[in-house]
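For the record, the sequence lines run as chains A and B.
Numbering follows the numbering used here, with no gaps: position 64 of the first sequence is 64.
Numbering follows the numbering used here, with no gaps: position 50 of the second sequence is 50.
Since the hints were made in silico from the structure, they are not lab data.
Even glycine gets a Cβ: it sits at the ideal position worked out from N, Cα and C.
Hints are not guaranteed to be accurate.
What the hints assert, rightly or not - The following label-pair restraints were derived from C-beta to C-beta distances:
{"id": "1", "chain 1": "A", "residue 1": "K862", "chain 2": "B", "residue 2": "R76", "range": "54 to 60 Å"}
{"id": "2", "chain 1": "B", "residue 1": "R76", "chain 2": "A", "residue 2": "R94", "range": "51 to 57 Å"}
{"id": "3", "chain 1": "B", "residue 1": "G7", "chain 2": "A", "residue 2": "R94", "range": "44 to 50 Å"}
{"id": "4", "chain 1": "A", "residue 1": "L433", "chain 2": "B", "residue 2": "R76", "range": "56 to 62 Å"}
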Amino acid sequence: MRYSPPRFADKLLRFFLPDDRLEEVLGDLHEEFRWQVVRVGERRARWRYWRDVLGFLKPFAIKRKQANNHFDDYSTTYLMQPTMLRNYVKIAFRNLAKNKTFSVINTLGLALGMACSLLILLWVQDERSVDAFHAHKDQLYRIYMREYFSGKMQGVIWTPGPLAATLKKEIPEIEYATAYEWPGPQTFSVGNKVQKQSLNAVGADFFKMFSFKLLQGTSEAALKDPNNLAISHDMANRFFGSPEAAIGKTIRFDNRKDMLVSAVFENLPKNSTLQFDCLRNWDAYVDDGNDWAKEWGSTDPLTFFMLRPDANPAKVAAKMQHMLDKFNRDEGKPAHTELAMQPFHEYYLNSNFKDAQIDGGRIEYVRLFTIVAVFILLIACVNFMNLATARSGKRAKEVGVRKVVGARRSLLIGQFLGEAMLLTVFSVSLAVLLVGLVVPAFNTLTGKQITLPLLEPSFWGGLVGLTLVTGFVSGSYPAFFLSSLSPIRVLKGIMKFDSTSIWLRQGLVVFQFALSMILIVGMIIIYRQVDYVQTKNLGYNRENLIYFPLEGNLGNQYDVLKTELSQLPGVADVSYLTADPASNGSGTEGISWPGSDPNEKVRFTPVGVGYDFAKAMQIKLREGRDFSKDFPTDSSGFLINEAALKVIGFNQPIGKTITWGKQKGTIIGVLKDFHFQSLHSAIRPLIGYLRTQRLAGNVNAIVRIKAGKTKEALAQIETICKKLNPTFPFTYNFTDQAYARQYQSEQVVSKLASYFAFLAIFISCLGLFGLATFTAEQRVKEIGVRKVLGASVGNIIGLLSKDFLKLVLIAIMLASPVAWWAMNQWLQGFAYKINIEWWMFVVGGVLSVVIALLTVSFQSIKAALINPVKSLRSE
Amino acid sequence: MKRSYLGEFEEIVLLTVAVLELQKQAYGVAITHEIIEQTGRSVRLNQIHSALDRLEDKGMVKSEMGEPTAERGGRRKRLFSVTAYGRRTLQEIQEVRVSFWNRLLNPLNSIGQRGWGMG
C-alpha cells in the first residue's frame with residue numbers, strides 16, 4: 001500500500017521555500033515519510049511529516065536564503081522589494097534615455113493623441129450639459145407639430161400662438177406652459193442711454209418653469225403685468241449700474257412705451273439654448289400689434305410646458321396628439337395637424353426631423369467626435385505598440401537574460417507594463433498641459449466656455465482611468481509577447497520574428513492609416529459641403545445687401561427714407577420685408593385657390609414686402625412682375641415662388657385669384673425659387689403680399705449697395721437714419737454674414753475635422769517614421785551588401801518604401817467604403833448637398849501615400865546613403 | 001588557527017557526510033538516519049538541512065544533484081561531499097583532540113615536550 005504525505009503541507013512548503021531547494025527537500029521529506037510509514041504507521045508518519053515541514057518553515061530558513069549572495073543563489077527576486085523596484089524604474093528610465101528617438105516619438109504621439117481626445121471629450125461633455133441645469137428638467141417639454149405637406153408628414157417646431165394657454169387649460173397634467181418668441185433686438189433707452197437688446201416674449205410662468213436665477217423680483221410677479229420687463233444682470237448694469245438699482249425703474253421700449261423693470265435675472269449660462277437679454281409678457285406682446293398670434297393658423301413661437309411631477313408623459317402625449325383638430329374645425333379647417341412633445345433638455349442635441357419624427361441633430365456631431373476621439377487615441381496607442389514591437393528584437397535579449405537569471409514571467413509583464421505606464425504618465429501630464437494651452441483657442445473656435453475641470457475629482461478619476469487603459473493597451477504587446485519568449489531561443493540569436501509579430505505590426509499600420517484616410521476623406525467632404533452651402537446660388541444675391549429694422553420713425557417715414565437713400569450714389573435699390581432675408585421660419589395655412597383640396601392644407605411662408613422687393617433682392621422672376629407703385633391694384637396682389645406654383649398647379653398663374661383668409665388677391669408675379677431658409681431644409685411655398693401699413697416690429701429695410709462702395713454708402717445711410725430717427729442707434733446686418741451664421745456649427749465641424757484629420761495623420765506618420773527608422777537600422781547590412789553589389793540609391797529607397805506603401809494602399813482600400821458610408825450619413829442632414837465623388841477618395845489616397853512616402857523616405861535615403869564600408873566593417 | 005568555527009553538531013554532520021560519501025549516500029535523509037543510529041540523538045530533517053547549508057556556506061561541503069529515485073516521487077537527491085578544506089578542518093580538529101588526549105595520558109611527556117620546545 002502506498003501512502004502519500006499531506007498535500008497541503010507540500011503546498012505550504014512550495015510557497016515558502018526557494019524553488020531551487022524545493023526538489024531536494026521535498027524528496028527528502030517524502031523519502032522520510034515512506035520510511036516512517038513502515039516504522040510507525042501512516043497516521044504518525046503524517047503527523048511527523050507535518051512536524052518536519054513546519055521545521056523547514058522556520059523564519060530564519062527563509063531569511064537566510066535572501067541574505068545569501070552566492071553566485072548560484074539568484075532565484076528569489078520579489079517584486080515588492082524596494083531594491084528591485086528601484087531597479088525597474090532605473091531600467092525603464094535607461095531604456096527611455098537610450099532610445100531617444102523612440103521615446104520622443106512615443107511620448108509626443110501619445111501626448112498629442114491624448115490632448116486631442118481630452119479636448120474632444122471636454123467638448124462632448126459640454127454639449128451634453130446644455131440645458132441640463134434646470135431643476136425641473138425631467139418635467140419640461142417642448143412641442144413640435146407633425147403635419148401633412150404634399151401628401152407627406154413633415155415636422156415643424158413653430159407652433160400657433162394660442163397653443164400654450166390652451167394646453168394649460170385643456171390638459172390637467174400640464175402645470176405650466178409658455179410660448180417663446182424672439183422678435184430680435186429692440187431698442188431700449190433710459191435717459192439718454194440707448195441700447196439694442198434682444199427681447200423675448202414669454203408666458204407669465206416662465207421663471208417658474210426654468211431655473212434661471214432671479215437676483216431681484218420673484219418668479220411669481222416677474223412677468224405678471226403687461227408692462228413688466230425682466231432684464232439680465234448685464235442689462236441692469238448697463239442702464240442702472242446694478243441689479244438693485246434697476247428694480248422698479250422704467251425703461252423706454254422702442255421709444256414709444258415705458259416698461260417697468262420687475263425682475264433682474266443672472267446672466268444666462270452659455271450652456272442654455274434659451275438666450276435673451278430681457279423678457280416681456282406674452283399676452284402684452286400679442287396685444288402690441290401681433291394679432292396673428294391669436295390665430296391657430298399662423299405659427300411662429302416655440303411652445304414649452306411643464307408637467308406635474310406625477311404626470312405620465314405618454315398619456316399626455318396621447319391627449320395632445322389630436323388636440324388641434326377641434327380648433328382647426330372651429331376655424332373651418334380640416335384636421336391634419338398633430339402635436340408631439342420632446343423632453344426639453346434633449347432638444348439642443350436632437351432637433352432634426354426625418355419623416356416628421358425627431359431624428360438626430362447635433363447629437364450626430366457629438367457621436368462623430370466621440371468616435372474621432374477614440375480613433376485618435378487608438379492611433380496613438382497603435383504607434384506605441386508598433387514601436388515596442390519593432391524594438392522587441394533588442395529588448396528580447398534583455399528578456400532572455402532576465403529569464404536566465406531567474407525573473408518570473410509575471411515580473412517581466414509587470415516591468416513592461418510599468419514602463420508603458422511610466423511613459424503614459426509623462427504623456428498624460430504633457431497632454432493636460434497642452435490642453436490647458438489650447439483651450440482658449442478652442443473656445444474661440446467653438447464658441448464655448450470650456451475650462452479644464454481641475455478641481456473636479458471625476459476629472460482626475462477619468463484621467464487616471466485613461467492613463468491606466470492607455471498604458472495597458474499600449475504596453476500589452478511587449479508585456480505579453482516578449483515575456484513569453486523562450487530564453488534559449490532568444491540568447492541563441494534565433495530571434496527572427498515569427499510571422500505573427502510581423503502580421504500584427506503590419507495590421508496595426510494598416511489600421512492606423514485607414515483611420516487617417518477616413519478622417520482625410522471626411523475632412524474633404526465636409527469642407528466641400530460647407531463651401532457649397534456658403535457659395536451656393538441662393539436665387540438672390542446676398543452680396544452687398546444690408547438690412548436694418550424699420551423702427552421708430554423709420555417706419556412712419558419710409559417714403560422719405562427711400563427717397564433719400566435712393567439718391568445716394570452708392571445705393572442701388574431699397575425695399576423692405578417682414579423677416580430676416582437669410583432665415584424666415586413663420587408659416588400660414590390659410591391659403592386656398594380654385595381647385596385646392598380642402599382636406600390638405602399647405603403651409604406657406606408669408607412675407608410682407610415693399611415695392612421693388614424682387615429688384616432689391618435680385619430675385620429673378622419667372623413670370624409677371626414685382627410690386628410696383630405704377631399699379632394701384634397691387635395692394636391686393638400676391639407674389640408666389642415656384643414651389644408655391646407647383647403646389648397650386650396653375651398653368652397660367654398671372655392674374656389668377658387666390659384667397660388668404662378672407663382676403664382675395666391676384667397673382668402678379670412668380671418668383672424663381674430662392675432660399676429664404678438654411679439649406680438644411682427644402683424650399684417651401686412662399687407667398688408675398690404688399691405691406692403698406694404698420695412698418696414696425698419685424699419689418700426690415702433692405703438696401704442694395706453698389707459693389708465697391710460699401711464703406712461710404714454705409715456712412716451715408718447711417719447719417720440719414722440718424723437724422724430721421726435720432727432716438728434709435730443705427731444697427732445693420734450684412735445678409736451674407738447673417739446667412740453664414742446659420743452654418744456656424746457646420747463651420748466649426750469643418751474646422752475641427754481638418755485639425756483632427758491633420759493630427760491623426762501626423763500621429764500616424766510619427767509611428768511610421770519610427771518604424772522606418774527601425775527597419776532601416778535592421779537592414780543596414782543588407783543595404784551595404786546590396787550597394788557593394790551595385791544597387792543604386794534609388795533601388796534601395798524603392799526597396800525600403802515599397803513595404804510601407806503596400807500597407808498604406810491596403811489601408812486606403814479598406815477605408816474608402818467606410819468613409820463613403822459615414823459621410824453619406826452626414827450629408828443626409830442637408831436638403832441641398834454635394835455629391836460624393838471619386839476624386840475625393842483619390843485626393844485623400846494620394847495625400848496619404850505622399851505623406852507616408854515623405855515620412856519613410858527620410859529614413860530610407862539616410863540608409864541608402866550610408867557608406868557600405870561603414871555598415872559592413874564589422875562583418 | 002584562523003578557521004571558521006565549527007560547531008559540535010556541524011562536526012558530526014560533516015563527519016557523517018565524509019563517511020557516507022564513500023557509498024554515495026550523503027544526502028539529507030540518509031545522514032539523518034545515520035546520525036540517529038550512531039549517536040542516539042533525535043535529530044530532525046530540517047536541522048540536518050540547515051547544518052548542511054551552513055557547512056556549504058563555510059565551504060566545507062559541496063553538493064550536486066543525483067539521480068531521481070521512485071521512492072522520492074521522482075525527485076533527485078542532493079548528494080554532499082566534503083571539500084578539501086572540510087577534510088583539513090576535520091583533520092585539524094582530530095589532531096587537536098589527539099594532542100589533548102596524549103597529554104591527558106602522558107602528562108610528563110607533554111610538559112617536557114613543551115619545555116623543550118620553548119627552549
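Against the structure, the hints:
The hinted window of 54 to 60 Å between K862 of chain A and R76 of chain B holds, with their beta carbons roughly 56 Å apart. Take R76 of chain B and R94 of chain A: their Cβ atoms lie about 39 Å apart, and the range 51 to 57 Å is violated. Between G7 of chain B and R94 of chain A the Cβ separation comes to about 46 Å, which falls inside the hinted range of 44 to 50 Å. The hinted range of 56 to 62 Å is satisfied by L433 of chain A and R76 of chain B, whose Cβ atoms lie roughly 60 Å apart.
When each numbered hint is compared with the structure, a violation occurs for hint 2 only.
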